[in-house]
Amino acid sequence: MNISAMQQARVAAPAAATTIKMHTPEPSFQEREFAGTVGTVTVDNPKIVSRNVNVYYGDKHAIKNVSLDVGANEIVAMIGPSGCGKSTFLRCFNRMNDTIDSCRVTGEIRLDGEDIHNQKLDVVQLRARVGMVFQKPNPFPKSIYENVAYGPRIHGMTKNRAELDELVQLSLEKAGLWEEVKDRMDQPGTGLSGGQQQRLCIARAIAVSPEVILMDEPCSALDPIATAKIEELMDELRANYTICIVTHSMQQAARVSQRTAYFHMGDLVEVGETSDIFTNPRHKLTEDYITGRFG
Amino acid sequence: MVEQHTVKRFDAELNNLRSLVLKMGGLVQEQIEGAIKALDDEDLDAARHIALRDQLVNRYNVQVDEDSVNLLARRQPMGSDLRLIVALEKTVADLERIGDEAAKIAQMVLRIYDSGGTAPNHGLLRDVPAMAELALRLLTGALDAVARMDTDKALEVARRDADLDEAFGAAIRHLSTYIMEDPRNMGHAINAVFILKALERMGDHSKNIAEYVLYYVKGKDIRSIEGKQATDLAVTSA
Numbered sequence: 001m002n003i004s005a006m007q008q009a010r011v012a013a014p015a016a017a018t019t020i021k022m023h024t025p026e027p028s029f030q031e032r033e034f035a036g037t038v039g040t041v042t043v044d045n046p047k048i049v050s051r052n053v054n055v056y057y058g059d060k061h062a063i064k065n066v067s068l069d070v071g072a073n074e075i076v077a078m079i080g081p082s083g084c085g086k087s088t089f090l091r092c093f094n095r096m097n098d099t100i101d102s103c104r105v106t107g108e109i110r111l112d113g114e115d116i117h118n119q120k121l122d123v124v125q126l127r128a129r130v131g132m133v134f135q136k137p138n139p140f141p142k143s144i145y146e147n148v149a150y151g152p153r154i155h156g157m158t159k160n161r162a163e164l165d166e167l168v169q170l171s172l173e174k175a176g177l178w179e180e181v182k183d184r185m186d187q188p189g190t191g192l193s194g195g196q197q198q199r200l201c202i203a204r205a206i207a208v209s210p211e212v213i214l215m216d217e218p219c220s221a222l223d224p225i226a227t228a229k230i231e232e233l234m235d236e237l238r239a240n241y242t243i244c245i246v247t248h249s250m251q252q253a254a255r256v257s258q259r260t261a262y263f264h265m266g267d268l269v270e271v272g273e274t275s276d277i278f279t280n281p282r283h284k285l286t287e288d289y290i291t292g293r294f295g
Numbered sequence: 001m002v003e004q005h006t007v008k009r010f011d012a013e014l015n016n017l018r019s020l021v022l023k024m025g026g027l028v029q030e031q032i033e034g035a036i037k038a039l040d041d042e043d044l045d046a047a048r049h050i051a052l053r054d055q056l057v058n059r060y061n062v063q064v065d066e067d068s069v070n071l072l073a074r075r076q077p078m079g080s081d082l083r084l085i086v087a088l089e090k091t092v093a094d095l096e097r098i099g100d101e102a103a104k105i106a107q108m109v110l111r112i113y114d115s116g117g118t119a120p121n122h123g124l125l126r127d128v129p130a131m132a133e134l135a136l137r138l139l140t141g142a143l144d145a146v147a148r149m150d151t152d153k154a155l156e157v158a159r160r161d162a163d164l165d166e167a168f169g170a171a172i173r174h175l176s177t178y179i180m181e182d183p184r185n186m187g188h189a190i191n192a193v194f195i196l197k198a199l200e201r202m203g204d205h206s207k208n209i210a211e212y213v214l215y216y217v218k219g220k221d222i223r224s225i226e227g228k229q230a231t232d233l234a235v236t237s238a
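Just so you know, the protein sequences line up as chains A and B, in that order.
Each residue of the first sequence is one higher than the one before, starting from 1 at the first, in our numbering.
Each residue of the second sequence is one higher than the one before, starting from 1 at the first, in our numbering.
Heads up, a few of these hints could be off.
Partial selection, computed: residues in chain B whose CB lies under 8 Å from chain A [claimed, not checked]:
#1 5
#2 7
#3 81
#4 82
One side only, chain A facing chain B, incomplete, derived with CB under 7 Å [as the list claims (entries may be wrong)]:
#5 107
#6 109
#7 229
#8 232
#9 251
#10 278
#11 280
#12 291
#13 292
Computed list of lysine to aspartate or glutamate pairs in DMTMM-like fashion (alpha-carbon distance at most 25 Å, straight line) [as the list claims (entries may be wrong)]:
#14 220/B to 276/A
#15 90/B to 65/B
#16 142/A to 166/A
#17 90/B to 276/A
#18 104/B to 165/B
#19 220/B to 273/A
#20 90/B to 13/B
#21 182/A to 223/A
#22 64/A to 216/A
These are computed hints drawn from the structure, not numbers from a lab.
We put the CB at the ideal spot given by N, CA and C, even for glycine.
Can you build the whole structure from these sequences, using the hints too?
Here is the structure:
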């Protein structure tokens, strides 16, 4: 018997016509004021501590009183619909928002206990400690070698060419790109494939020995294989670095991160262990987003 | 109905899966009723029909498995959608086992009445109707809980499985008195034990199904937690 005939077979389906009540953990966003982040924003061993961070673009309140710790050697994923503020929040961690004139950031962000908005702090040094990888691979229009050597050179990190060569090789090895490019170091970085370019950008970020790597949708321009290589790389890098990743792919967030933060319209709605967020989120908005119920 | 996904087709697929599970549940209920009626009526044809129809139950199981795997692969469900599919997938595994137990009873009917031997002393089977009713009530409760994702109903089923276990214990004690009375009852007493055990197992499977409902709604697996603690968790946690 085929299954359609089977379905037509007379069977006493109990309550087949009754409706299933969707599990609603919290009242909907429209029904109530935002009551604060669900979940624990603090960690035992924080690398970055942020408290009551607000970001304004002119009159627009883009980040609303967000507090979130990032633990040492952990990968934190930030997810949420477009315009929710996740990239804006990520960019607070190395003061990239300073580069936007209309942008104003308030609140407290500490890296290893040090206020990153401290007047005495050199923002160039900060960005060496907190590196960044962007959505679109953006290698300099220079050779593969020069792309990686640029940072260490301007920061005066090496004494001579031999040391610099060694650092370039080490960085490319850590980024999983060395074997693919070692015979063409003098060729332009822009000639590599998209996935290779992105790993070159990661090598460039690593070369200045950062403590934190911020990744803003690092795989959205890559194919699945290149994406898998970056994700594998992130897992290896976690041993030595702290990583924050903004991603539109929930599957990617679920795969790579230990903790996940869900943003919605500038609020940090929920933060928690990644395994909890994707199987049993506590906030209705998180549930609606991860199950694809947003209208 | 499960609704309001941006991708409407996903709603339809989830609803189809759930209604397939409920149809399978309805068929399994009929299998139990049919097996018990065949026993009561000493109806060999009906018993053969029930035993054969177990294949249909299995087909439902296969179909739900296939649909679930497809949904997992193609929709990559998260949150309550993921829990719903996992809960339904586990539910059909238990329904299939309940179906097996019903078929087992049908087979015992054939063994008892188609063997050419003497018919059993009716006292040997006197506990079967009450236990069957209890087993059916548990299954109906579990299926109602699935249909409405009703935690109160699920908790009631999980609790009342103990009644069936108790009834099984009592029935075994009754049987042993018949055996002591007349050792010639031994053969049919063993057949009766198989039937009673099948009914007792149905209760365990219904309890499992009730627990999957609690897992779906509460997001927690309460099987590893015993007694009052589990009840408290199921009632209170959001």
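A quick look at each hint next to the structure:
1. 5: holds (5 Å)
2. 7: With a minimum Cβ separation of about 6 Å from chain A (threshold 8 Å), the hint on residue 7/B holds.
3. 81: Since the shortest Cβ distance to chain A is 5 Å, the answer is holds.
4. 82: holds (6 Å)
5. 107: violated (30 Å)
6. 109: With a minimum Cβ separation of about 30 Å from chain B (threshold 7 Å), the hint on residue 109/A is violated.
7. 229: Interface hint status for residue 229/A: violated (21 Å vs cutoff 7 Å).
8. 232: violated (20 Å)
9. 251: Because about 6 Å separates residue 251/A from the closest Cβ in chain B, which is inside the 7 Å limit, the hint holds.
10. 278: holds (5 Å)
11. 280: Because about 3 Å separates residue 280/A from the closest Cβ in chain B, which is inside the 7 Å limit, the hint holds.
12. 291: holds (5 Å)
13. 292: holds (5 Å)
14. 220/B to 276/A: Judged against 25 Å, a Cα distance of about 10 Å means the pair holds.
15. 90/B to 65/B: Between residue 90/B and residue 65/B the Cα gap is close to 9 Å, so the pair holds against 25 Å.
16. 142/A to 166/A: Status holds; Cα separation ~19 Å.
17. 90/B to 276/A: holds (20 Å)
18. 104/B to 165/B: holds (19 Å)
19. 220/B to 273/A: holds (15 Å)
20. 90/B to 13/B: holds (17 Å)
21. 182/A to 223/A: holds (23 Å)
22. 64/A to 216/A: Holds. Residue 64/A to residue 216/A sits at ~20 Å (cutoff 25 Å).
In summary, the structure is inconsistent with hints 5, 6, 7, 8 from the numbered list given earlier, while agreeing with the others.
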